[in-house]
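Let the sequences and hints guide you as you build the complete structure.
In case it helps, our numbering puts the sequence shown at residues 992 to 1163.
Hints are computed from structural coordinates only; laboratory data are not their basis.
Ideal Cβ positions, reconstructed from N, Cα and C, are used throughout, including at glycine.
The reader is advised that the hints may include incorrect statements.
[Stated by the list, open to error] Simulated restraints on C-beta separations: (1) V1015 - E1133: 40 to 48 Å; (2) K1005 - L1026: 16 to 24 Å; (3) E1112 - K1005: 21 to 29 Å; (4) R1116 - K1071: 20 to 28 Å; (5) H1054 - D1009: 18 to 26 Å.
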Amino acid sequence: EIGAARAADDLLRKVSDDFDKAVVATQEGEMKAALDLTKVLVASDSSLLQAHARFHLARLFLHEDDPERSIEILNEYLEKNINWSPLDGEAAYFYSQSLAEIPMVDAAIPRFRAFLEWFPEASERLRSAAYSRILELERQRESRLHNLADGMKKTTRDLRKQRTDDPVQMDQ
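This is the structure:
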């Protein structure tokens, strides 16, 4: 069984060759995937196609360990494309996930809870993962060692992005 979000995505891929090529590039881990999705986003007048391009772009950035960019893209999705696509629930989930990865625990927990409340029809896989993440994040919030590890992970991400300003140097 295929859900409405996947069906809409598959249909858009059949209608737009550029979007299909960009999604395939994303799935194959090609370096140009982000550029291809951005080209589709800029060239399209369709809010539906823009929503799907933004969604895939945000997922790509999250997968590439860049949750800050993922949040930027999902903010645009929520500002410009909400209620245009059946991907809204998944976008809300991955927004929460991106916040958790930064980590912004105090922002992620209420957003995971909102996802569960506002999208009861979301896939059981995402709903189960959201429940698990809430429990995990609540435990993390109380652990000083986990906070230290999160800080180290963020510093590593910043260095990979060649951010070397004073706050990053201090954290390092």
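Exercise for review: Mind checking the hinted window 40 to 48 Å against the Cβ distance between V1015 and E1133?
Suggested key: About 43 Å separates the Cβ atoms of V1015 and E1133, which means 40 to 48 Å holds.
Exercise for review: Mind checking the hinted window 16 to 24 Å against the Cβ distance between K1005 and L1026?
Suggested key: Holds, at about 22 Å.
Check your understanding: So the hint says 18 to 26 Å: do the beta-carbon atoms of H1054 and D1009 match that?
Key -> 21 Å, holds
Exercise for review: Check the following: the C-beta atoms of R1116 and K1071 are separated by a distance inside 20 to 28 Å.
Suggested key: Once the Cβ atoms are compared, 27 Å apart, the range 20 to 28 Å for K1071 and R1116 holds.
Review point. Does 21 to 29 Å hold as the CB distance between E1112 and K1005, or does it fail?
Key: 24 Å, holds
In the structure shown, no violation is registered for any of the earlier numbered hints.
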